[in-house]
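K.L.:
Chain by chain, the residues:
Protein chains: 2
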Amino acid sequence: MRRLGENALIAEVLAPLATHPCAFGLSDDAAHLSQMPPNGLVITTDALVAGVHFFENDDPGDAAYKAVAVNVSDLAAKAAKPFAYLLTLALPAAPTEDWARAFAGGLARAQAAFGVSLIGGDTVTARGPWWLSVTALGDAPARPLVRGGGRPGDVLYVTGTLGDAALGLKMRLGLADFAAALSTDETERLARRYLYPEPRVSLRPALAAHASAAMDLSDGLALDLTRLCIASGVTATVDASALPLSEAARSAVAACPALIEAIITGGDDYEILAAVPPETASGLGTEARSRAFEAAARDAGCPIFRIGKLAEGAAPPSFLDPSGEPLILSAKGFEHFAL
Amino acid sequence: MRRLGENALIAEVLAPLATHPCAFGLSDDAAHLSQMPPNGLVITTDALVAGVHFFENDDPGDAAYKAVAVNVSDLAAKAAKPFAYLLTLALPAAPTEDWARAFAGGLARAQAAFGVSLIGGDTVTARGPWWLSVTALGDAPARPLVRGGGRPGDVLYVTGTLGDAALGLKMRLGLADFAAALSTDETERLARRYLYPEPRVSLRPALAAHASAAMDLSDGLALDLTRLCIASGVTATVDASALPLSEAARSAVAACPALIEAIITGGDDYEILAAVPPETASGLGTEARSRAFEAAARDAGCPIFRIGKLAEGAAPPSFLDPSGEPLILSAKGFEHFAL
Numbered sequence: 001m002r003r004l005g006e007n008a009l010i011a012e013v014l015a016p017l018a019t020h021p022c023a024f025g026l027s028d029d030a031a032h033l034s035q036m037p038p039n040g041l042v043i044t045t046d047a048l049v050a051g052v053h054f055f056e057n058d059d060p061g062d063a064a065y066k067a068v069a070v071n072v073s074d075l076a077a078k079a080a081k082p083f084a085y086l087l088t089l090a091l092p093a094a095p096t097e098d099w100a101r102a103f104a105g106g107l108a109r110a111q112a113a114f115g116v117s118l119i120g121g122d123t124v125t126a127r128g129p130w131w132l133s134v135t136a137l138g139d140a141p142a143r144p145l146v147r148g149g150g151r152p153g154d155v156l157y158v159t160g161t162l163g164d165a166a167l168g169l170k171m172r173l174g175l176a177d178f179a180a181a182l183s184t185d186e187t188e189r190l191a192r193r194y195l196y197p198e199p200r201v202s203l204r205p206a207l208a209a210h211a212s213a214a215m216d217l218s219d220g221l222a223l224d225l226t227r228l229c230i231a232s233g234v235t236a237t238v239d240a241s242a243l244p245l246s247e248a249a250r251s252a253v254a255a256c257p258a259l260i261e262a263i264i265t266g267g268d269d270y271e272i273l274a275a276v277p278p279e280t281a282s283g284l285g286t287e288a289r290s291r292a293f294e295a296a297a298r299d300a301g302c303p304i305f306r307i308g309k310l311a312e313g314a315a316p317p318s319f320l321d322p323s324g325e326p327l328i329l330s331a332k333g334f335e336h337f338a339l
Numbered sequence: 001m002r003r004l005g006e007n008a009l010i011a012e013v014l015a016p017l018a019t020h021p022c023a024f025g026l027s028d029d030a031a032h033l034s035q036m037p038p039n040g041l042v043i044t045t046d047a048l049v050a051g052v053h054f055f056e057n058d059d060p061g062d063a064a065y066k067a068v069a070v071n072v073s074d075l076a077a078k079a080a081k082p083f084a085y086l087l088t089l090a091l092p093a094a095p096t097e098d099w100a101r102a103f104a105g106g107l108a109r110a111q112a113a114f115g116v117s118l119i120g121g122d123t124v125t126a127r128g129p130w131w132l133s134v135t136a137l138g139d140a141p142a143r144p145l146v147r148g149g150g151r152p153g154d155v156l157y158v159t160g161t162l163g164d165a166a167l168g169l170k171m172r173l174g175l176a177d178f179a180a181a182l183s184t185d186e187t188e189r190l191a192r193r194y195l196y197p198e199p200r201v202s203l204r205p206a207l208a209a210h211a212s213a214a215m216d217l218s219d220g221l222a223l224d225l226t227r228l229c230i231a232s233g234v235t236a237t238v239d240a241s242a243l244p245l246s247e248a249a250r251s252a253v254a255a256c257p258a259l260i261e262a263i264i265t266g267g268d269d270y271e272i273l274a275a276v277p278p279e280t281a282s283g284l285g286t287e288a289r290s291r292a293f294e295a296a297a298r299d300a301g302c303p304i305f306r307i308g309k310l311a312e313g314a315a316p317p318s319f320l321d322p323s324g325e326p327l328i329l330s331a332k333g334f335e336h337f338a339l
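Residue numbers (full-length UniProt numbering), protein chains in the order written: chain A, 1 to 339; chain B, 1 to 339.
So that you can see chain A by itself, here it is in the shape it has in the complex:
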């Protein structure tokens, strides 16, 4: 099996992905973006490490796809339109050509799915398992959409379904007593959601027009909502029974009700959490603005769900059970090298 050194890896396998003229076909040290987006640029970076963010025996193309997707998810949550990314790839030894082609295949799938192209990067020697770091660029919306714009009274929304990736991870770790209650199809779908985030790029116009604050959910709803509340100087109440669950997650929770905690605190959702403000200026009231947001999301084909509200206060967000009692959560969410 042929192996590729650094120069061959770049020239033969990665350069064909660099379709944007600013990348000079990866033959240079830096990309030169001469055309700037009219409202500026949103830029984000996220790294994935084998054995931390994916399994060492996962297909390298799946890991490559996920690395681009999680960065695109950050851009989507800022109402930015992704167009390019840089990639740093660290490998412990020269890869086989098969490995390199599988890896690049995942990048190519992500490029086609999200409309981005590779514009630069670096390849280095890893000490330990392989890892990759992506920096992604997007066209900015006219008004920055940040975590800190939420106000008391705003309606809280999430996209898609929550907890699938966390349950999929439990299954892969052999920690899923609930798996017996699921069909093969359902278990496969959960496992897939761990490796294949679906960044909600279609929500961009609705977010840009209506949201007061937004972020993507990567470390679990409980922790990420806490971050949004702290940044916005508010608290929140969430109706736990309103959290959108996939059929598979619903079956799992039916079999093991305590799993609701894994749904609320598990990471890797890559759905969007958004707060939509009252329309005080036009006098239409909160409902009118949130209905406009819902209509815009529906037009974009992006599933969204009301899960609660922001409120005045500095307490951590409350997750209420159907009787209105707050759930006691033993975990907060995912933090790297937590103490």
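I should point out that these hints are in silico values taken from the structure, not numbers from a laboratory.
Quick list of the computed label-pair ranges, beta carbon to beta carbon:
#1 R172/B - A142/A: 44 to 54 Å
#2 S34/B - D185/A: 41 to 51 Å
#3 P38/A - L327/B: 46 to 56 Å
#4 D59/A - N57/B: 33 to 43 Å
#5 K332/B - I230/A: 47 to 57 Å
Which residues of chain B face chain A? A partial, calculated answer using Cβ under 8 Å:
#6 D28
#7 A31
#8 V52
#9 A93
#10 R127
#11 T135
#12 R147
Think of the CB as a built atom: it goes at the ideal place given N, C-alpha and C, for glycine as much as any other residue.
Chain A is fixed; fit chain B onto it per the hints.
P.N.:
The following block gives chain B in isolation, referenced to the frame of chain A:
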């Protein structure tokens, strides 16, 4: 000794470095650059791995400084003005507060030296020794300055001195028979050059006005000049005796003449290699344009040296000894996971 989890590391140690308003004090998922540089943006990324690009027992602040400096060096070679960077930091476990403060201290020194500020990043768990990846942004020059613009007849220049970092690395690896010929001051200076690149940001106006091609030297003059020649579709001859050497490197080569190969093929110089074209349009001839480049560099206080010329042909660059005979090099330069 207090240890810092991910949230404390970001909020207490890294956020104070994020002075640019687009960074939202690192409280958000992405930076929002609303003001775009007039000629666009140059963007580059380079990662450093402990045990590969620096020693595991090096001061973390020195590694942090080097990570920013090598990215700034890439921007400088493109005649771009650095202004911001993103940082991904991977640690095997929660750092001590001392470690984190030392690390951030190196970033702060680099920020002060190069006029950049931290605008975003990611912190993840490392499997194996720690590593860091930087993506740096600069104001673009009016005309992209790439590797591929060199033409036959162009004069070749390098900045500063070559080979110091390669000799410093040999000393640190205990492979330096030559060290006995050097003063303590000289050995210290070589070791320092390995960890403290001096990106040639002052050469920017001269490069923007006069150079046809440029790149920074990170993998050794021989390999990097080969890359410039391939991208430009030319060959080159270099007068090995014209290569600028520090006093320490000169003493080392005097003690051990074979070290000239380490000077030519060793990495980590982070000096700039530039080609300056003939001034055909104005009829002034090559010498006039190269003299203007030299004058501009002198005005900027940046030491530059003529080392050779580009020429028609596709052969690898030749390094000529004082008698005009080509040196035979056994190594090419540094390549990650070379075969």
